[in-house]
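Use these hints to put chain B onto chain A, whose structure you have.
Below are the chains, spelled out letter by letter.
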Amino acid sequence: MRVAMLLLLAAFWLAGPASAEVQEVYDFDTRAEEQRYQQLISELRCPKCQNQNIADSNAPISKDMRDQVYRMMRQGASNEEIVGDLVARFGEFVQYKPPVDKRTIVLWAFPAIAAIGGFLVVAGVLWRARRRNEQDSALSDDEKRRAERILKDQGGSSDR
Amino acid sequence: MKRFFLFLPLLVAVGVGVFLFAGLGKDPTKLESALIGKPVPEFSLEDLSDPELKHDNSVFKGEVSLLNVWAEWCPSCWDEHEYLMHLARDKGVRIVGLNYKDQRENAFRFLNRLGNPYETIIFDPEGKLGFDLGVYGAPETYVISADGIVLHRHVGVVNEQVWQQELLPIVNEARGES
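Residue numbers (this note's numbering), protein chains in the order written: chain A, 1 to 160; chain B, 1001 to 1178.
Isolated chain A (complex conformation) (with noise of 0.2 Å):
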């Protein structure tokens, strides 16, 4: 039995590093330079292969994007710089998170836009039904006049 587990774990063991293997090798000085490239990449979407970033994706035209992330970086171009370049070819889809601008402010506002709405909404109900319990229990003076008379016919009865 802990033969057999030891072998499913070496299996395992083998099989992790053969999933991964999307990446070509590409150096790096620096520790903070690979992790702004593996953030670019994540952030990239792939425009063939659509629900995948170009980190992930092994589609050639992603390996052609990863190269010129990792070209550009050496060049010492800035993350702007380089999402623009790639922007420029391969359009705004490119991008997982949209620039704030005009055309898509809307999509940017929206969520504000939809709690504030809710809120109000909510807030609108509980105001209307507290407002109505008060109309209900508020009665005009003859009312209240009739009101006693009973209250106090029934005392009266009671008592007896």
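Keep in mind the hints are simulated off the structure, nothing from the lab. Glycine included, each C-beta is placed from N, C-alpha and C at the ideal position. Heads up, a few of these hints could be off.
Stated by the list, open to error - With beta-carbon atoms standing in for the labels, derived distance ranges: (1) 101(A) / 1161(B): 51 to 61 Å; (2) 52(A) / 1062(B): 38 to 48 Å; (3) 1007(B) / 88(A): 23 to 33 Å; (4) 29(A) / 1025(B): 43 to 53 Å; (5) 1032(B) / 80(A): 14 to 24 Å; (6) 29(A) / 1062(B): 43 to 53 Å.
Quick look at chain B alone, frame taken from chain A:
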């Protein structure tokens, strides 16, 4: 006023329905090129059959052209080739080929078997011009104006329907202007 609020959920549902319905028929794998209205990116690449001959952006000058991105390894390119032959032979359309990430021998084999509809073929083994154009899946066909401006991109096979409905109107308009 109270009645109106009763209908509010219905109105919201209809609104969302209309919005989503509009997106139903769209093919999400077809992306508009980022280069529409811009010149073809600068390039200098060898001719497919003559390594001594270099092509640059001037191949597009003077006449409205189709730029067809193809490769021997691309199955859909085999499918559309017959229609490209028809366009070049019978309709007099000028087609420039961009042989994309291919090998010369393979490209020649392809052309020998299916014919050559291209007036000029640019050889791009590393996909440099392809990358600058934003090619993400061959075959792709671009309409290029007589001044070398990208007017339109079609991703996928060109057939009678695509030509008549999508490409021909743009080609005609571009010819009319120039």
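Here is how each hint holds up against the structure:
no.: 1; hint: 101(A) / 1161(B): 51 to 61 Å; verdict: violated (36 Å)
no.: 2; hint: 52(A) / 1062(B): 38 to 48 Å; verdict: holds (42 Å)
no.: 3; hint: 1007(B) / 88(A): 23 to 33 Å; verdict: violated (47 Å)
no.: 4; hint: 29(A) / 1025(B): 43 to 53 Å; verdict: holds (50 Å)
no.: 5; hint: 1032(B) / 80(A): 14 to 24 Å; verdict: holds (23 Å)
no.: 6; hint: 29(A) / 1062(B): 43 to 53 Å; verdict: holds (49 Å)
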